[in-house]
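These protein sequence lines map, in sequence, to chains A and B.
177 is the number of the first residue of the first sequence in this note's numbering; add one for each residue after it.
1009 is the number of the first residue of the second sequence in this note's numbering; add one for each residue after it.
Careful: at least some of the hints might be erroneous.
What the hints assert, rightly or not - Reference excerpt, derived from the structure (chain B facing chain A, CB under 10 Å, subset only): (1) Ala1052; (2) Ser1056; (3) Ile1067; (4) Trp1257.
To be verified - Here chain A is said to cover these stretches of chain B; the calculated rule only asks that three of the stretch's residues, wherever they fall, bring their Cβ under 8 Å from a Cβ of chain A: (5) 1025-1038; (6) 1057-1065; (7) 1120-1129; (8) 1133-1140; (9) 1192-1198.
Stated by the list, open to error - Chain B residues, not near chain A, derived (Cβ > 10 Å throughout): (10) Ser1105; (11) Leu1158; (12) Met1222; (13) Asn1240; (14) Pro1249; (15) Ala1267; (16) Arg1269.
Rather than coming from a laboratory, the hints here were simulated on the basis of the structure.
The beta carbon of each residue, even a glycine, is placed where N, CA and C say it ideally should be.
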Amino acid sequence: MNLKKYATLTKAGIIESLQFRLGTFVMIVGNLLYLIVVYYLWKAIYASAGTDVVNGMTFTDTLIYLVLATALFNFMEMYTVWYIGRDIQSGKIVLDLLKPMDYRSYIFWSYSGEFVTNFVYTFLPTFIIVAVVTKGAISFGSNLVFFVISVVIGISINYSIDFIVATICLYTESIWGINIMKQVIVLLLSGATVPLAFFPEPFKTITFYLPFQSIYNAPLSILLNAHQDLLSVARVIGTQLIWCIVLTVISKLFWKASLRQITVNGG
Amino acid sequence: MKKKDLRFYLRIYFKILAQDLKSKMSYRADFIISTIGMIFTNIAGFVSFWIIFRNFPSINGWSYYEMLFLYGFSLIALTPVQCLFDNNWNLRIAVYSGDFIKYCFRPVNLFFYYQSEVFDIKGLGQLAFGIGTLAYSWHHLGLGFDILMLLKLIVFLISASVVMVALQNAAAATCFWIQNSFYVLDLVTRFKDYAKYPITIFSPVFRFIFTFIMPIAFIAYYPSLVILRPDNIEILSLFSPVIAVVFFWISYKIWMHGALRYNGTGS
């Protein structure tokens, strides 16, 4: 397998995103302000609750969960739908389709550079701040390794969902509406807005049968429950893997079937 | 030259608006999907709100219905910025591509002409949702209703909207000075989501920041107090119309200052 072409795309992506230093700065500031809002909001919520543990989660658990969910979101959000949508509207997609690389992988790898920079600029600082603020509530052990594995699968699932949604854009030629629907559903059902533990039944059970919880909830639950036995960790990652394979296949087949649909308005 | 009075501007406004609506209607599928997307966003916002309150009876002395009131209030207050000033999102692209120069040659107020070009109908769904939420919580709080209260509500809703419009104008205007102003605008937009929480949950430092530097507290909290807790109004609540005008004036000056020093791209 020729890995060099992928590495080149990643490198180009890193260099490209380093160009926009101000954007990165604003993103870091925005992230910090967001941390502050979430911290005070949930502190007030827990102060009014009267008990320290709600639905098996303490204030620190909730804080870590929500903050890292957002950090993961910022780091995983690839704006694939926007990118492909714009490609379709402008006609640039024709050029990308002609490239000697599968379109799906091309888009993924040309974005991968930003994964690297986003990881260093937003995820890592957030992680460190949270670890310091919560005074060692995150335990550093084997769970960290499983967390990383789980995040990587999460990225793949997220990308497949994005790609399926982007393929729908071929038919509708509507980007904003489709994308916002996807974003709302993913953020809510993956636990990024409110931890899934707070969901009332039967919604909680339903979310566990959907692929979305595999994106954010799965890695975060592995990170937070440091003393889980290997079997339950394996179950979480296994579920993720199944979704990962299913969605990859669906997105590839759907794309293949839809490619004939493309109407390019000039170029 | 004929003096351009308010009537003149209104007439022009509706003419430009009609053109925009016509062009939007030619993409009917996109319009319908976008509207559904907007409804999705509102429902998801409400669901996460509902989930939190199922677990916690109150936040910092604010009951469920009072929080719902703030939520509905903020939704209504955020409608004008969504409907009438949506073109701010395109400002960056217009400035970058050089299209902005065309606005500089029109014999009407630059700011007015630019903003009137786009009317975002999707926002009307949010308005309906907001009114519904507000009416529902109003009823459950047993606030009573008379003409004076309605007047107060309207005045304070308008001043709340103006604050948000001012924030967005200022954020959008940064594109005249910096390249990647999308992040600034995105940051400000994300902050409006926190407007629905009572400012009292924050520490004094952030209370100050959210009141005077990033005045999101004026979008729902301060103006709502006038209706919700009339016996215990903060002095800032009563001043919120004045503050709104001041903020708007500042943002207008920043916007115009940037627009007037625009040189075009030479193309």
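Structure-based check of all given hints:
no.	hint	verdict
1	Ala1052	holds, 4 Å
2	Ser1056	holds, 5 Å
3	Ile1067	holds, 5 Å
4	Trp1257	violated, 25 Å
5	1025-1038	holds (count 3)
6	1057-1065	holds (count 6)
7	1120-1129	violated (count 0)
8	1133-1140	violated (count 0)
9	1192-1198	holds (count 4)
10	Ser1105	holds, 13 Å
11	Leu1158	holds, 31 Å
12	Met1222	violated, 8 Å
13	Asn1240	holds, 18 Å
14	Pro1249	holds, 26 Å
15	Ala1267	holds, 21 Å
16	Arg1269	holds, 19 Å
Checked against the numbered hints listed earlier, the structure breaks hints 4, 7, 8 and 12; every other hint is satisfied.
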